[in-house]
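A.B. asks: Read off the chains here:
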Amino acid sequence: MLSLERVGKTYPNGVHALGGVTLEVELGEIVAVIGGSGCGKSTLLRAIGGLDPPSEGAVVLDGERIAVPHEKIGIIFQEPRLLPWLKVADNVGFGLGDRPKAERATRVAAALKRVGLSDKAAVWPRELSGGQAQRVAIARALVPRPEVLLLDEPFSALDAFTRTDLQDHLLDLWADAKPTLIVVTHDVDEAIVLADRVMVMCPRPGRIFDDIDVDLPRPRDRQSAAFDFVKRRVLAALDRSLNRTAAAADAEPKAAAGAAMWW
Amino acid sequence: MSLVAMTIAAERNPAEAAATERAPSRRWARLMRPAMGLVVPVVLGAAWEYIVHIGWATGRLAPPPSVIFQTFVELAKSGELQRHTLVTLGRVGAGFGIGVAAATVIGAIAGYSATVRRLIDPSIQALRAIPSIAWVPLFILWLGIFEASKVTLIAVGVFFPVYLGLMGAILSVDRKLVEVGRAFRLTDFAMVRRILLPAVLPAYVISLRSGLGLGWMFVVAAELMGASEGLGYLLIDGQQLGKPAEIVAAIVAFAIVGKATDWLIVLAAAPFLRWEDVVRQD
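Protein chains in written order, with the working numbering: chain A, 62 to 324; chain B, -11 to 270.
Do not rely on the hints blindly, as some may be mistaken.
Computed list of chain B residues with no C-beta within reach of chain A, every gap over 12 Å [said to hold, decoys possible]:
#1 81
#2 169
#3 175
#4 183
#5 264
Covered stretches of chain A, as calculated for chain B (at least 3 residues, CB under 8 Å) [claimed, not checked]:
#6 72 to 80
#7 140 to 147
#8 150 to 164
Chain B side only, calculated, beta carbon under 7 Å to chain A, not exhaustive [unchecked claim]:
#9 65
#10 106
#11 263
Source of the hints: derived by calculation from the structure; they are not laboratory data. From a predicted model like this one, the values you see are computed outputs, not experimental measurements. For every residue, glycine included, the Cβ atom is placed at its ideal position computed from N, Cα and C.
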């Protein structure tokens, strides 16, 4: 189980990005985090991933406090971030550096087959389309069999068709080992298609404004009335979350996160 | 010189070759395009040859191509050309080796550690601003007039582009890729080997090539200032004995060896840089 205990983050420049988030996520649960920009979604995800440890509170996974990246936690970024000097297969196997070669090869082949890119194993990342590259990134994150998979706006850079395609594909992959998924997104449809729970966050400082259960059977029909009903609820919550603090969005926390990352 | 590179690029591209087979006229045009660069020098050379031949000019100070070629062949036959080329090559090799080794170590440390960078980079930048030839008198005082001062001058010339190139490359490594390394819990050593090294390699190779170019420039300077052998000595010898053809022959030798060594670096690095997303153009 993943639990956040009053997780807060204040950057060295004084920006109070995250103001005490408390949350419990069961193993295998899919949680979508949604909210306007500057509400600390990415900060929260980076704290869970151990990339930017929180300045207050704690992230605890199975009784273990997370302060640095953990082997049970996989991360998928907005961009595929494939290493351009490695062939696709080597990118997928990047997290298996310490395993024997034969095991690596079979697991990589299986993962590539699972995302439908077996024929791309020996090509360079630059030869992939955006959707293919993101699928390779998903395979790379899944190959070490994480217990928790964090996704930071994973499909926002893709066209609408590829995006819905990959959302369905992600659910399909999730069903294999049922890891916990935490998906940060700004796309309400995406949140509802994927998640068991939608967390609506509000800014200044970032905190959870509403926690909406999505009790729809899978696969979910994006056109159904029930889907629409949940969507209205989420949109209404988003509206209220933003009206309360009408401050403009600020990009500062992200820039600061970048600076803190470098050595 | 560029002709070599162009034909290589053309040979390497099978798609291009296939396309040209479909259209013979385009293929002809493609083959002729590199040859365009030869038109001006060939026409000028032939014209000068003709002018000297019919006696409008003596060609004593500016020898026609045939005389230069003849001198080149004679120097090669007597073994003089090979001896001088090897001496020069040895100096460049030693200076390049020392310069690259120092620049790689210092550049890597300065790129990796901000503290070291703040400490040494301003001094190195200040030294860089000095035209390196200005060091010659000091090097001769310190190291004598023989090999040591020459090799040192070349090493100094090679050092700066390689240092700058490597440090800049390390500083501009994509932080997002470094973060991927962090997410997969790479150790510092693995981070260097699996992320930093491959990421800086393209810029490093370019800096090696510009360093080598400067090395060739500085070997000429060093040998002009006093040497009893080497291609630079041939230049001075040709000047003092009034043999312009020998000077031009030495210049041609410089061009050939310089291009060949540059090509060796490109060739050695090619297997590691296949991944680069470059637009191949003719």
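A.B. asks: Decide, hint by hint, whether the structure agrees.
C.D. replies: Going down the list of hints, with the structure as the test:
The Cβ of residue 81 of chain B lies farther than 12 Å from every Cβ of chain A, with a closest approach of about 29 Å, so its non-interface assignment holds. Its closest Cβ contact with chain A, about 9 Å, brings residue 169 of chain B to no more than 12 Å, contrary to its assignment away from the interface. The beta carbon of residue 175 of chain B is not kept farther than 12 Å from every beta carbon of chain A, the shortest such distance being approximately 10 Å. At roughly 7 Å, the least C-beta separation between residue 183 of chain B and chain A is not larger than 12 Å, which violates its mark as non-interface.
Not every CB of chain A is more than 12 Å from the CB of residue 264 of chain B (nearest about 8 Å), against its label as outside the interface. With a threshold of 8 Å between beta carbons, the proposed coverage of the region 72 to 80 of chain A by chain B is violated, since 0 of its residues qualify and at least three are required. For a cut-off of 8 Å, the count of residues in the region 140 to 147 of chain A with a CB near a CB of chain B stands at 6, and the three-residue condition holds. Here the region 150 to 164 of chain A counts 3 residues with a CB under 8 Å from a CB of chain B, which clears the bar of 3, and the coverage holds.
A hinted interface residue such as residue 65 of chain B counts as satisfied when its beta carbon comes closer than 7 Å to some beta carbon of chain A; here the least separation is about 48 Å, so the hint is violated. The restraint placing residue 106 of chain B at the interface with chain A is violated, with a minimum CB-CB distance near 14 Å, outside the 7 Å limit. The beta carbon of residue 263 of chain B is positioned within 7 Å of a beta carbon in chain A (closest approach about 4 Å), and the interface hint is therefore held.
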